[in-house]
Every structure is written in C-alpha cells, then in structure tokens.
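Sequence order for the protein chains is A and B.
So the first sequence is residues 1 to 569, counted in the working numbering.
So the second sequence is residues 1 to 183, counted in the working numbering.
Simulated from the structure, these hints should not be mistaken for laboratory data.
Wrong hints could be hidden among the right ones.
Okay, derived cross-link-like pairs now, DSBU-like style, lysine-lysine, Cα gap no bigger than 35 angstroms in a straight line [unchecked claim]: (1) A/K430 to B/K133; (2) A/K430 to A/K467; (3) A/K461 to B/K133; (4) A/K430 to A/K464; (5) B/K133 to A/K375; (6) B/K81 to A/K440; (7) A/K467 to A/K500; (8) B/K91 to A/K461; (9) A/K464 to B/K91; (10) A/K430 to A/K471; (11) A/K500 to A/K478; (12) A/K440 to B/K91; (13) B/K101 to A/K499; (14) A/K467 to B/K173; (15) A/K397 to B/K133.
Remember, predicted model here, so these are calculated numbers, not experimental data.
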Amino acid sequence: MIGRLFKFHGGIKPAAHKDESASAPIRRAPLPSRLIVPLRQSTRATATCIVEVGQKVLKGQRIGEPEGLLGTAVHAPTSGTVVDFGPYTMAHASGLRTRCVVIEPDGEERWIEHAPFDYHGTSREESLAWLRECGIVGLGGASFPSHVKLGKGAGIETLILNGGECEPWITCDDRLMRERAADILAGAVILRELIGAREMVVGIEDNKPEAIAAMQEAAAASGHGVRIVPIPSLYPAGGEKQLIRVLTGIEIPYGKLGADFGVQCFNVGTAHAVYRAIAHGEPLLSRIVTLTGNVEDAGNWEVLIGTPIEELLPLARPKPDTDRRIMGGPMMGFALPRLDVPIVKGSNCIIAASPKLFPPPPPEQPCIRCTECAKACPAELQPFELYWFGRSKNFGKAQEYHLFDCIECGCCAYVCPSHIPLVDYFRFSKSEIWARERDKAAADQARERFEFRNFRQEREKAEKAAKLAAKAAETRAKLAEAGSDAAAAEPAPAAEDPKKALIAAALARAKAQKAEVKPQNTDNLSPETQAEIADIEARRKALAGADGVAAPRTDAGPAAAAAADEPRP
Amino acid sequence: MLTALLVMAGIAIVLGAALGYAAIRFRVEGDPLVEKIDAILPQTQCGQCGFPGCKPYAQAIANGEADINQCPPGGDEGVRKLADLLGREFKPLSEEHGVEKPKSVAVIDEQTCIGCTLCIQACPVDAIVGAAKQMHTVVEPLCTGCELCVAPCPVDCIAMVPVADTVQTWKWKYPVVEIRKAA
Numbered sequence: 001m002i003g004r005l006f007k008f009h010g011g012i013k014p015a016a017h018k019d020e021s022a023s024a025p026i027r028r029a030p031l032p033s034r035l036i037v038p039l040r041q042s043t044r045a046t047a048t049c050i051v052e053v054g055q056k057v058l059k060g061q062r063i064g065e066p067e068g069l070l071g072t073a074v075h076a077p078t079s080g081t082v083v084d085f086g087p088y089t090m091a092h093a094s095g096l097r098t099r100c101v102v103i104e105p106d107g108e109e110r111w112i113e114h115a116p117f118d119y120h121g122t123s124r125e126e127s128l129a130w131l132r133e134c135g136i137v138g139l140g141g142a143s144f145p146s147h148v149k150l151g152k153g154a155g156i157e158t159l160i161l162n163g164g165e166c167e168p169w170i171t172c173d174d175r176l177m178r179e180r181a182a183d184i185l186a187g188a189v190i191l192r193e194l195i196g197a198r199e200m201v202v203g204i205e206d207n208k209p210e211a212i213a214a215m216q217e218a219a220a221a222s223g224h225g226v227r228i229v230p231i232p233s234l235y236p237a238g239g240e241k242q243l244i245r246v247l248t249g250i251e252i253p254y255g256k257l258g259a260d261f262g263v264q265c266f267n268v269g270t271a272h273a274v275y276r277a278i279a280h281g282e283p284l285l286s287r288i289v290t291l292t293g294n295v296e297d298a299g300n301w302e303v304l305i306g307t308p309i310e311e312l313l314p315l316a317r318p319k320p321d322t323d324r325r326i327m328g329g330p331m332m333g334f335a336l337p338r339l340d341v342p343i344v345k346g347s348n349c350i351i352a353a354s355p356k357l358f359p360p361p362p363p364e365q366p367c368i369r370c371t372e373c374a375k376a377c378p379a380e381l382q383p384f385e386l387y388w389f390g391r392s393k394n395f396g397k398a399q400e401y402h403l404f405d406c407i408e409c410g411c412c413a414y415v416c417p418s419h420i421p422l423v424d425y426f427r428f429s430k431s432e433i434w435a436r437e438r439d440k441a442a443a444d445q446a447r448e449r450f451e452f453r454n455f456r457q458e459r460e461k462a463e464k465a466a467k468l469a470a471k472a473a474e475t476r477a478k479l480a481e482a483g484s485d486a487a488a489a490e491p492a493p494a495a496e497d498p499k500k501a502l503i504a505a506a507l508a509r510a511k512a513q514k515a516e517v518k519p520q521n522t523d524n525l526s527p528e529t530q531a532e533i534a535d536i537e538a539r540r541k542a543l544a545g546a547d548g549v550a551a552p553r554t555d556a557g558p559a560a561a562a563a564a565d566e567p568r569p
Numbered sequence: 001m002l003t004a005l006l007v008m009a010g011i012a013i014v015l016g017a018a019l020g021y022a023a024i025r026f027r028v029e030g031d032p033l034v035e036k037i038d039a040i041l042p043q044t045q046c047g048q049c050g051f052p053g054c055k056p057y058a059q060a061i062a063n064g065e066a067d068i069n070q071c072p073p074g075g076d077e078g079v080r081k082l083a084d085l086l087g088r089e090f091k092p093l094s095e096e097h098g099v100e101k102p103k104s105v106a107v108i109d110e111q112t113c114i115g116c117t118l119c120i121q122a123c124p125v126d127a128i129v130g131a132a133k134q135m136h137t138v139v140e141p142l143c144t145g146c147e148l149c150v151a152p153c154p155v156d157c158i159a160m161v162p163v164a165d166t167v168q169t170w171k172w173k174y175p176v177v178e179i180r181k182a183a
C-alpha cells in the first residue's frame, strides 16, 4: 500500500460535539438493580436460553446457546440470580419486544473459571469457535459476528482497524484508544493472524489527536508494523466502505464486500474485545458507552451489557428539559421507545436530547431538485430520485437507482434545504421492498402447495379407482375359479364401471359366504328342534327352486340380478 | 404490371410462410396473461372472489368474466397492480366479496380439537397436520390465512389470529409530516 490517502464522494462536516464527553476518563458504571440481557443481540443473530428462572449464575457464565450461523453465545454480565425470562422491549427503532434473561446482581461479581486461550496452539477453526463462544460481535454498531467476518482466513491482504468514529457526539472509541491502545493493538495482532493479512492499518479521524498519539506510541512499542493513519474528519469517514476507500483507494461496487478485494475492517472496540477474549479468556460482558447531550456530566462509562438506560443515563445527570433519548449518534441513531431498554453490544452512545439541543425539524417543503443531496451522498446515489420513487411507492425504480447501496448515513437529509426526511423515505422503501419479497416468496410457496394438493387429490382419486377396479376383478376371478353359478352368471359389462363392479363383487362375495355357512349347533338337538329345522330346510329348498326359475330373467342387468339374489324371508 | 403483381405475391408468400413457421416454432404454451395475473394475486386460495382458487380467478379476469376488484386479501394495492397490468381504471374493492384484513393465521385450540380432519380436508395448501381422532395443528409459516378451515370445524376451535410483527418483518412507516394538524 502507498502512503497517500484517497477521497470518497460527498460527505458533510457537522459540528463534532466531541469535547463534551471526550475529556473525562472512562468510568466504571455501578451495578444496576437488574440486568436485562437480550438473547437477540442483533436483528439476525439469536441464542437459545440455557438457564432457568431462579438459577444462580456467575459472571461470564453462558446463558444463551448460539443459534444458526450468525448466532453468538450470550453470557451473564455479572454474578447473581436469574429472576425472569420473557419478552422485554429491545434496543430497536420498532420498540418490539424480544426474549431477555433478567438477572438480579448479587453484588459480588464472582467470575466463572476462565483461562487465556492459546490461539497459537490450536487450529484456526477452534480459535474462531472460541470467539463465537465468547460472544464477540462487531462493536461499531451493526453487531455482526466476528467469527463470520474472519471468514476463511485466505485472500485478505489488509486488515483495517476502524477508529474513525465519525458521528458527532460519540467518543467511546476515542477514549478507548487513548486509554487502552496497547490492548487494542494486541487484539488487532490476533485478528491479523486469524485472518492471515499481511498489512494492518488503523484509520483514525484527525479530530482525535490524543488517540492518534496514544495509538502511535503503542504501535511503536509493540513493533508489529502497524500503521496509524490520521484521516481527514469528514462524516461518514468511519463507514466501512468509505474508510476502505480513504485508506486504500479501493471502491467497493454494488453487491460486493471489502473481503472480495482483500480488505477486512474491524472496529477498535472489537479488537479490544478480541484481546480480552483470547488473552484473558473473558467473554464480551461490557462495552464503553458515551453518555452525552443535554447532560451535566457527559463522559464515557464501561457498562455491563443489559444495563437498563433508565439506570444508566442518570449517571450523567441529564438536565430537566430532556425529552428524548437517542441511542447511537444523532445522524444514524434512533429515539428510544422506552427507558427500560437495555444496553446491547452495539450501543455505543446514549444522547439525552432536548428541544433546544435538537430542535424538531422544520416542516418538509417540496423537493426543488437542487441536487445538494447527490453532492453530499457518500454512496454516489441520487437521493432526490430515490425520494421521488419512495414517495410514489415506485419501488422497482428505486431499486434500479441502487436504493440498497444507501448506507442511511443521513448526509442527504442534513444538507436538504427543503428539510425532507430523506432517510426516512429510504428506510420505508427498503422495508417495503423486503416485505414484498417476503410476500412474494410466501405466495409462490402457497401456489406451489396448492397446485401440489390439487395434483395429489387427482392422483388419490385415480389410485382409489384403480384399486377398486383391481379388487373387483380379483374377487370375480376368485369366484369364477370357485365355479360359483352366481359368479358365472355375473354380467361382464360391469367391469367397465369399477364402482358397479365392486358392488357386484361384494354381492357375489356375500353370496359365496352365505353358501359356505353351515349351521353350527346341529348336534344333540331335541326332536322338536330337529322337526323345526327340517321344516325350515324344506321351506328354503322350495324358495331355492323358485330362485332357479327366476334366474334366467337376471340377464337384464346386475341390478336385477342383485334384486333376485336378495334372500327372501 | 404482371411483374409487380408477381413480386408482391412472392413477398406475401415468403412473409406468410415465415409468420406461419414462427407461429409454430415460437408457440406460447398456456396464456401468459393468466400467468401474469396469477403472479399478482396473493395465492391465499381463499375463494372469496367466487372462484375456486387464485388461478381460476386469474383465468376469469383474463377472459373478462370477472372484475379486478374481487380479491380482498390482495387489497386495494392488488387491485391497483391488476389495473396497471390490464390497462384498466382502478376501482375500490367490491364489498360483496369481503374487506381487506390484516394478515392472520389460523390457530387450532388444541384442547377443544376432536380430531375430525375436516379442517385438514378444507386447507388449500396442506398447512394442517393431524390424523383422525388425533389432535390437529396449523403449520404457521405455511398458513395463508384463507379462513377456509374455520367454517368446517364442528367444535369451533379454529381462530384467526393476526400475525404479530417481529424484528425481521417490522416495517418503517411512510414518513408523514402533518403540517395542517400543527397549524
């Protein structure tokens, strides 16, 4: 790689507001009264609960078994008792609920036994499995599992550590780099070995000189040939594709990932978590969270996963006019639906918002096609076109204009002179398109199943008819073999209609059975009974004689034959 | 004069032959319009349109025997898509065929089910499992919410339950700024 930097298209320079929270060192948040640990740490990755209500758990004990490829293990952030397992509001814009394990801390912070993991002495697969076991996911916000991102361990030339932290207000990575630079680099070296990259670059926005200095010092001390590269502060330089572009000049096209071009990106916080997991054997139990905005005491706190916001935010002493709490940054974050929402692995910042600090957006005006948004778009899209398509629900066209390349960074809405909430339209369009794809898949499945059911019913009908015909033919053949007169007299055309044939066959069978019947209680009879039987036999014979006379007339058809065959009392 | 006639006749024969050949060679099996209409229909196979399934309704629309606004599960949006496809005017859903409801699935009260198999026979997509005198249950991901199993149940143990949003299916709302209300 060369020493020069590249530029990405667009970008904005919003007021950074980093100083509010960056000056104070990281503090450890006190234990909350309860920890709500979601088993779903991101939209796709879930875990199965493996503890019971009432069970005592130790710090670092597994409480969630990973599900599927994207799942990672979930651990008890502290020692205590599991008091509930049920749905709680999750840290998501929807305000939906998800299964959470609620733990009441005992205050002792007793660790489960854990030991450093020797990743040199084990295979790569085992190391990745260990990271999954430790619940390591990307701490930059998307919570993508790191063991998946580390991939196959081939074809990656450059490992990039993302210290961009380009969103205003957030300073958790900044503080982490200042205070724990050596640990971050140690984690990065582990990541580099696991992914098999030759080169390692740390990209840090140049508005964090202290972090850059600390990292450079640590890099020099470690001697692993890590390059610390200050990059110009321009939102969204910390976006994965933008950072790769700035550092390597590679532009990642639609539908591709950095890994396709030999580049993989990890957040500095993730590298730190990897270091803790390998060098100390500690699962991911806490993260650094910036508490800032409309507060008296902004700063960064080391917070246990599962700490409810209502217990965390008071540490920063929010001012009384706080009316909203934003999780994430002001550009890409979302207003929290409730205050009992817990901190999850992807929560980097909580901003207390007030009408003064974040005034409500002015009313939306019509789009005048000034193309300011297109100039600002780091993905080189045409947001005004996407807006028109989204607004008119012309989603096919929106996809043609590469809606799914949009990273929802909010640059377009930031520069829009008409104050159009462009990103809201894009999010709406995206979720509508996904919903339609789901509906389409469901409809296709229903159609297929309906068609198969019709086919099955037809087939069953045909099978039944064939079975009936075969049975009828078989019975007739059997009777013919037995040489029964009645069977011989059976009319042949009946074979054409399987149902009629079956009825005829059944009748013939019944008749044959009747012929076979022999009176069973004929021994030791009294003379009166004998006389009675003889009398009945005589009557029967007389009737059989009558039948014999009637028989020639049965040629008229099976129905008539059946009628004639009826035993008469 | 004769030459001109011969030339024109010759061209006509050649082109006619070419067209005739193409008609056989590139023959389209089935009616593509029916397929296109069928692709828009929601495939609930509920029969609310008055036809035994989505395909027959599509056939009827293509033949001009049915109107485009008879499919309640497809909703107004389905009608709009059909109107676009067929170049007709949009018209609201016809009331006699029912109203658009939120997506629901059938749920069998397993305490009450007597195992009569009537619902299994009614289900157009084979989404109910069970056997005679055994409890039945609905395979939720396969249920289209057509409600055809509700009526045959002799003990009324089938309820239609609206599908709840999950994180995967949750949708961002259409951005609305109510300027008038604020004023």
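Results for each hint:
1. A/K430 to B/K133: Roughly 47 angstroms between the alpha carbons, so the hint for A/K430 and B/K133 is violated.
2. A/K430 to A/K467: violated (54 angstroms)
3. A/K461 to B/K133: Roughly 23 angstroms between the alpha carbons, so the hint for A/K461 and B/K133 holds.
4. A/K430 to A/K464: Not satisfied, since the Cα-Cα distance of roughly 50 angstroms exceeds 35 angstroms.
5. B/K133 to A/K375: Measuring from Cα to Cα gives roughly 69 angstroms; hence the hint is violated.
6. B/K81 to A/K440: Within the cut-off at roughly 14 angstroms; holds.
7. A/K467 to A/K500: holds (13 angstroms)
8. B/K91 to A/K461: violated (41 angstroms)
9. A/K464 to B/K91: violated (46 angstroms)
10. A/K430 to A/K471: violated (60 angstroms)
11. A/K500 to A/K478: Holds, at roughly 17 angstroms.
12. A/K440 to B/K91: Distance of about 23 angstroms is within 35 angstroms: holds.
13. B/K101 to A/K499: violated (45 angstroms)
14. A/K467 to B/K173: Judged against 35 angstroms, a Cα distance of about 58 angstroms means the pair is violated.
15. A/K397 to B/K133: violated (53 angstroms)
Going through the hint list in order, the structure does not satisfy hints 1, 2, 4, 5, 8, 9, 10, 13, 14 and 15.
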